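K.L.:
Listed below, chain by chain, are the residues.
There are 2 protein chains.
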Amino acid sequence: MIIVNTGNGKGKTTAAIGQVVRALGHNLRVCIIQLFKGDSFYGEQNILRNLDGLDFFSFAKEHPNFNHNLGLGVILKQCLEALDKIREIIKENKGYDLVVLEEFNIALRDKFIDIDIFLKLVKELSSHKSKIIITGRGAPQELIDIADLVTEMKEIKHPYNSGVQAQKGIEY
Amino acid sequence: MIIVNTGNGKGKTTAAIGQVVRALGHNLRVCIIQLFKGDSFYGEQNILRNLDGLDFFSFAKEHPNFNHNLGLGVILKQCLEALDKIREIIKENKGYDLVVLEEFNIALRDKFIDIDIFLKLVKELSSHKSKIIITGRGAPQELIDIADLVTEMKEIKHPYNSGVQAQKGIEY
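Chains as they are written, first to last, in our numbering: chain A, 1465 to 1636; chain B, 1465 to 1636.
Not one of these hints is a red herring.
All copies of an identical chain are treated as equivalent in the list; a pair is satisfied when it fits inside any one copy or across any two copies.
Straight-line alpha carbon distances no greater than 25 Å define the calculated SDA-like cross-link-like pairs of lysine to any residue that follow: (1) K1621 to G1602; (2) K1618 to I1570; (3) K1621 to I1581; (4) K1593 to Y1624; (5) K1621 to E1588; (6) K1621 to R1601; (7) K1593 to D1519; (8) K1618 to I1608; (9) K1618 to G1602; (10) K1593 to E1619; (11) K1501 to D1561; (12) K1593 to S1504; (13) K1555 to Q1542; (14) K1555 to S1590; (15) K1618 to P1604; (16) K1593 to H1622; (17) K1587 to P1623; (18) K1584 to H1622; (19) K1555 to L1518; (20) K1593 to L1518; (21) K1618 to D1574; (22) K1558 to M1465; (23) K1575 to Q1605; (24) K1621 to N1472; (25) K1549 to L1607.
Since the hints were made in silico from the structure, they are not lab data.
Just so it is clear, the structure is predicted and the values come from calculations on it, not from any experiment.
Please build the complete structure, drawing on both the sequences and the hints.
P.N.:
This is the structure we're talking about:
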């Protein structure tokens, strides 16, 4: 089953984390492969790293939009490493019940990852009976086409619009 | 800050659970008050009950839509107990950083809880510096009006439409 959380609203990552917690609570095996999140995942990681049954990998911790000094070559290399991690999971038949591909939609949108290569890997992983959750705004239509469950997190109202700052434990 | 997760799509509860995990990872204090979820919260609870800093209360474990033998009087009484729990938190000044009011939108929509009483309690709780997340489809406009952050989880594609059954660790 291929699941996509996309849209401009909140809750794409937190919903995936909620799914991870639910799956681990059923003693399922889970893998998170994460892009573009460094310290902003600190809160979740503090809890998740102590839970059994979860493997966690983080690549390309910053997105060039937030660090203009990052070379494109570096990002592309790190995204390729993330794809290699998916290949490794498939090849070694790791038997994860749930694989979360965090912010991969962003990498697809920004052409850091080739959509055809990615779709092929996702289909292959899915054929190994893994449920796959792919998060990030801007999910490409080709991914939505092959997905089973797609949710758009849509911003109806946001406090930034009225000048409220990001808050620890809520926004990051 | 008053946060609302609503809409007909997936992720309203799991996003709240993800927020709970994030907050606990920052050593914040969290309270979940839950309606209409009995065994379907089994997975999450297995993990959450072992985490420090979280208080969890569950009322009205079934919704009449799923159990037609439930008397309306029973539901109304249990929803009033849930409101009393919110009053207790306010009165005893429990100092929660985050309070999750799970599926309260449903109780409001179905008139099990009076909207005016609820809005008054939520505003009061919010004035105690608690962040409040209220989940469930059908959030009433009056609640959206007083909320700071509102996200609609919108179903774009759902496997039930193509005949797939609910799956353990994903749907419940």
